[in-house]
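So the chains spell out like this:
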Amino acid sequence: SQELEQSPQSLIVQEGKNLTINCTSSKTLYGLYWYKQKYGEGLIFLMMLQKGGEEKSHEKITAKLDEKKQQSSLHITASQPSHAGIYLCGADSTGTASKLTFGTGTRLQVTL
Amino acid sequence: DGGITQSPKYLFRKEGQNVTLSCEQNLNHDAMYWYRQDPGQGLRLIYYSQIVNDFQKGDIAEGYSVSREKKESFPLTVTSAQKNPTAFYLCASSPDTSYSPLHFGNGTRLTVT
Numbered sequence: 001s002q003e004l005e006q007s008p009q010s011l012i013v014q015e016g017k018n019l020t021i022n023c024t025s026s027k028t029l030y031g032l033y034w035y036k037q038k039y040g041e042g043l044i045f046l047m048m049l050q051k052g053g054e055e056k057s058h059e060k061i062t063a064k065l066d067e068k069k070q071q072s073s074l075h076i077t078a079s080q081p082s083h084a085g086i087y088l089c090g091a092d093s094t095g096t097a098s099k100l101t102f103g104t105g106t107r108l109q110v111t112l
Numbered sequence: 001d002g003g004i005t006q007s008p009k010y011l012f013r014k015e016g017q018n019v020t021l022s023c024e025q026n027l028n029h030d031a032m033y034w035y036r037q038d039p040g041q042g043l044r045l046i047y048y049s050q051i052v053n054d055f056q057k058g059d060i061a062e063g064y065s066v067s068r069e070k071k072e073s074f075p076l077t078v079t080s081a082q083k084n085p086t087a088f089y090l091c092a093s094s095p096d097t098s099y100s101p102l103h104f105g106n107g108t109r110l111t112v113t
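From first to last, the protein sequence lines stand for chains A and B.
When you line the first sequence up against this note's numbering, it's residues 1 to 112, in that order.
When you line the second sequence up against this note's numbering, it's residues 1 to 113, in that order.
The hints are simulated quantities; they were obtained by calculation from the structure and are not laboratory data.
The beta-carbon is built from N, C-alpha and C at its ideal position, and this holds for glycine as well.
Careful, some of the hints might be misleading.
[Said to hold, decoys possible] Just a few of them, taken from the derived set where beta-carbon distance is under 8 Å, the chain A residues facing chain B:
hint : residue
1    : MET48
2    : ILE61
3    : LYS99
[What the hints assert, rightly or not] Here are a few chain A residues that face chain B, going by a calculated C-beta distance under 7 Å:
hint : residue
4    : GLY31
5    : TYR39
6    : GLU41
7    : GLY42
8    : LEU43
9    : PHE45
10   : PHE102
11   : GLY103
12   : GLY105
13   : GLN109
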């Protein structure tokens with residue numbers, strides 16, 4: 001089965017700093033999804049990447065997909081306290097999008 | 001507003017008892033999913049259903065059962081056969097299985113003692 005490794009596992013950054021979270025797959029990526037979760041709550045969809053080299057941005061969050069490396073990165077520019085939470089990547093390795101495998105998550109804290 | 005409702009938010013049961021977690025969606029989505037989340041292990045797929053009256057086992061289906069009698073409802077029963085039932089359970093849905101992102105409910109935290 002597909003495995004997704006996220007790094008780092010946790011991150012503490014000062015407000016205003018930039019940060020990057022990585023997600024590496026053990027198998028070919030047909031689709032890569034990024035979600036954010038507040039502790040004890042559901043997952044909020046952020047972005048989906050499908051094609052190698054694809055890059056998407058929403059407000060201060062940018063996600064990229066490196067198909068050859070089977071890796072995706074999530075970059076946050078000028079972090080704010082509202083960015084704090086757990087970021088999870090999910091991937092489709094079947095090409096059908098019927099089953100997603102998720103990484104273990106990266107816990108982000110933003111200090112004032 | 002459309003969304004996915006999971007109830008209750010917290011559930012406590014004694015060991016040996018079956019318990020059913022509710023998941024209802026009014027998004028008119030065809031596919032529904034149940035995931036389990038444990039600390040340090042991410043989300044693991046329990047069961048999923050792509051159409052009414054049909055469902056498939058996920059990666060950790062042992063000790064769980066589901067039904068899909070209505071499009072909007074996908075209840076999960078945690079049976080006494082599940083060895084470690086204490087966890088955070090998340091229900092999700094999607095319009096179809098063609099690269100549509102999953103929409104998640106707010107989860108049910110089940111504690112079995």
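Those earlier numbered hints the structure runs against, lowest number first: Per hint list: 2, 5, 13 violated.
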